[in-house]
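If you read the protein sequences in the order shown, they are chains A and V. Last residue of the first sequence: 310 in full-length UniProt numbering, with the numbers rising by one and none dropped. Last residue of the second sequence: 326 in full-length UniProt numbering, with the numbers rising by one and none dropped.
Using 25 angstroms as the maximum straight-line C-alpha spacing, the simulated SDA-like pairs for lysine to any residue come out as follows:
| no. | chain 1 | residue 1 | chain 2 | residue 2 |
| --- | --- | --- | --- | --- |
| 1 | V | 198 | V | 224 |
| 2 | A | 202 | V | 186 |
| 3 | A | 202 | V | 16 |
| 4 | V | 122 | A | 218 |
| 5 | V | 63 | A | 128 |
| 6 | V | 67 | V | 308 |
| 7 | V | 122 | A | 217 |
| 8 | A | 202 | V | 150 |
| 9 | A | 202 | V | 57 |
| 10 | V | 198 | V | 140 |
| 11 | V | 142 | V | 195 |
| 12 | V | 63 | V | 283 |
| 13 | V | 198 | V | 216 |
| 14 | V | 63 | A | 200 |
| 15 | V | 125 | A | 217 |
| 16 | V | 63 | V | 21 |
Hints are computed from structural coordinates only; laboratory data are not their basis.
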Amino acid sequence: MTGFIIRRTLSMLVTFIVVSIVIFLMMHSIPGGPFDGNEMPLPDNIRDRLMAQLGLDQPLYVQYLRYMWGALHFDFGVPYQSPGETVMGLVAHAWVPSLVLGGSGIIIGAPIGILLGMAAALNRNSWIDYVASALATLGLTIPVFVTSTLLILVFAVWLHWLPASGWGEPKRWILPILAYAAVPLATYARYARSAMLDTLNKPFVTVLRAKGLSERRIIFQHVLRNSAIPMVTVFLPMFVGIATGSIFVEAMFRVPGLGAYFVSSIEKRDYPLEMALMLLISMLFCISYLLSDILYALLNPRIRVDGSRR
Amino acid sequence: MRLVEIEDLHVSFSQHDGLVQAVRGVSFGLDSGESLGIVGESGSGKSVTCAALLRLLREPPAKITAKTLSLSGHSVLGISNRAISTLRGRVAAMVFQDPMTSLDPVFTIGHQIAETILAHRKVTKREALAQAVELLRRVEIKNPGAVTNYYPHQLSGGMLQRAMIAMALSCEPDVLIADEPTTALDVTIQAQILQLIKDIQAETGMGLIMITHDLGVIAETVDRVVVMYGGKVMETGPVEAIFSAPLHPYTRALLNSVPGQTAGKQRLVEIAGSSPNPSHPPAGCPFHPRCPLAVAECRQTAPPLETKAAGRQAACIRVAAEMVAA
Numbered sequence: 001m002t003g004f005i006i007r008r009t010l011s012m013l014v015t016f017i018v019v020s021i022v023i024f025l026m027m028h029s030i031p032g033g034p035f036d037g038n039e040m041p042l043p044d045n046i047r048d049r050l051m052a053q054l055g056l057d058q059p060l061y062v063q064y065l066r067y068m069w070g071a072l073h074f075d076f077g078v079p080y081q082s083p084g085e086t087v088m089g090l091v092a093h094a095w096v097p098s099l100v101l102g103g104s105g106i107i108i109g110a111p112i113g114i115l116l117g118m119a120a121a122l123n124r125n126s127w128i129d130y131v132a133s134a135l136a137t138l139g140l141t142i143p144v145f146v147t148s149t150l151l152i153l154v155f156a157v158w159l160h161w162l163p164a165s166g167w168g169e170p171k172r173w174i175l176p177i178l179a180y181a182a183v184p185l186a187t188y189a190r191y192a193r194s195a196m197l198d199t200l201n202k203p204f205v206t207v208l209r210a211k212g213l214s215e216r217r218i219i220f221q222h223v224l225r226n227s228a229i230p231m232v233t234v235f236l237p238m239f240v241g242i243a244t245g246s247i248f249v250e251a252m253f254r255v256p257g258l259g260a261y262f263v264s265s266i267e268k269r270d271y272p273l274e275m276a277l278m279l280l281i282s283m284l285f286c287i288s289y290l291l292s293d294i295l296y297a298l299l300n301p302r303i304r305v306d307g308s309r310r
Numbered sequence: 001m002r003l004v005e006i007e008d009l010h011v012s013f014s015q016h017d018g019l020v021q022a023v024r025g026v027s028f029g030l031d032s033g034e035s036l037g038i039v040g041e042s043g044s045g046k047s048v049t050c051a052a053l054l055r056l057l058r059e060p061p062a063k064i065t066a067k068t069l070s071l072s073g074h075s076v077l078g079i080s081n082r083a084i085s086t087l088r089g090r091v092a093a094m095v096f097q098d099p100m101t102s103l104d105p106v107f108t109i110g111h112q113i114a115e116t117i118l119a120h121r122k123v124t125k126r127e128a129l130a131q132a133v134e135l136l137r138r139v140e141i142k143n144p145g146a147v148t149n150y151y152p153h154q155l156s157g158g159m160l161q162r163a164m165i166a167m168a169l170s171c172e173p174d175v176l177i178a179d180e181p182t183t184a185l186d187v188t189i190q191a192q193i194l195q196l197i198k199d200i201q202a203e204t205g206m207g208l209i210m211i212t213h214d215l216g217v218i219a220e221t222v223d224r225v226v227v228m229y230g231g232k233v234m235e236t237g238p239v240e241a242i243f244s245a246p247l248h249p250y251t252r253a254l255l256n257s258v259p260g261q262t263a264g265k266q267r268l269v270e271i272a273g274s275s276p277n278p279s280h281p282p283a284g285c286p287f288h289p290r291c292p293l294a295v296a297e298c299r300q301t302a303p304p305l306e307t308k309a310a311g312r313q314a315a316c317i318r319v320a321a322e323m324v325a326a
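Just chain A, with the same shape it has in the complex (with noise of 0.2 angstroms):
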């Protein structure tokens, strides 16, 4: 197992840098410069002053093996749309309520779902199964604004129970983190839904009834382990859907989170920013990858590569 994990890592490593390079590449391939903009044109020569002040005069392969040396040592730059902080401190604050967000979207969506998919496939053709099944087609089938703008309508604007935006005090967390959970629920109500239906029809549970195990039993501790075994493949990228997924429901409840920076950083060449949000986004998918990995293996005897329990 240890030797699973060693060789697991250093591949993960490979292709974090080769995905770094990668959107290195593709991000300055993007023609225009931070300081082309139409509105206020700078004279040449102090646009020339600015980029050589920044590095950016430099070929690329330098540009990029300083930004790689900086990011060792955890300094990824000053933003250009906000030069009084650094990168770290922009994500630092600006993190926080992406992750509270998408964090709680998850922990409440996920096991929801993952119960309204169990009882789908345990009453499979009853009417459990497809109130069910509809919420799950409708979570994943309504884009995201359209659940805000309906939870704003209802909640803020008829009921006038909870604020329409804005982020501050908790109770304004509910109505953003009900609009984030849609997603992982209805995810996670089909994918738990197919797996328990899937393991159900496999040989080894009618032995195992035939055995004399209690359908508890049988349910509880047979079918949910074989079935977790697809759904950790899907569980943990999820997590990293907190970083990127938000945006829509964060634009839509004023919530001051990192979605809206994806979207300028890009459209404001705001190098050091961009990079920095997808080396974020690349890592976060590395060590999600690989957790899964060593997860799948443990719940998964078979695929124990180095059969060390042989």
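Dock chain V against the given chain A, drawing on the hints supplied.
Chain V only, in chain A's frame:
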């Protein structure tokens, strides 16, 4: 009291395009220490009959009705899930066709045997695991202590089937039902597994029901045979009598189609026609469309299973006349 008592069992499955009648009025029984073979081709209803006996079919779509359906005197009809699960594994245990898919891939062999014991007996987990080792030793697995820690994918098909037998024996059942236990195995392993089942039956005196389409397996392992076709019993009798002088035209056709009875190359004898469609079974005797002896009456009424000789029954109106002619 008989170990198994089945009287007028009907099993049907409702499907979107109608009702599939898998078992249509089957009756037979099993006495303690007896071994019974159920033989028939695919779709004859032999596996469904035994699955119904342990209530292993999903209801609905399955619908089970019977005058009597009981295990060691306990009726299995109209009882709760909890009540049936106390009978399963303890009164009647089952060994299935494909050992590769019959075990949960994420638990060790030892765990899966031990949990069967724990489901029926008040013992500690440690004691159950110790019993699992003994059971594996009894089914002639070498190094049983190590095998308890193996996962199913680490064992061969033959080894897994031995482990399945060990699991079935773990609560000393009154009846062992083996549903095609050697079909998925190599020919060399098949004989070993059959011998093992025979030995254990002789040793414990439990009842045995062997479901198979392989007449060779029947000949080697059982005392009495039930021949099924189209969801009905065609013939029952002692194994030697059935093989030496089959009564029913279907049994005869079945025995004729066993390859290699005479020396030399020859074309494989087959039964003309195909098995009845269980959604629309033919009126009268299910075998009449393929039967060389069928007369008008065979097409109208299904003949009842009648005693034709001592200990022998057949469901055919042509048997008596035909036997005299022969």
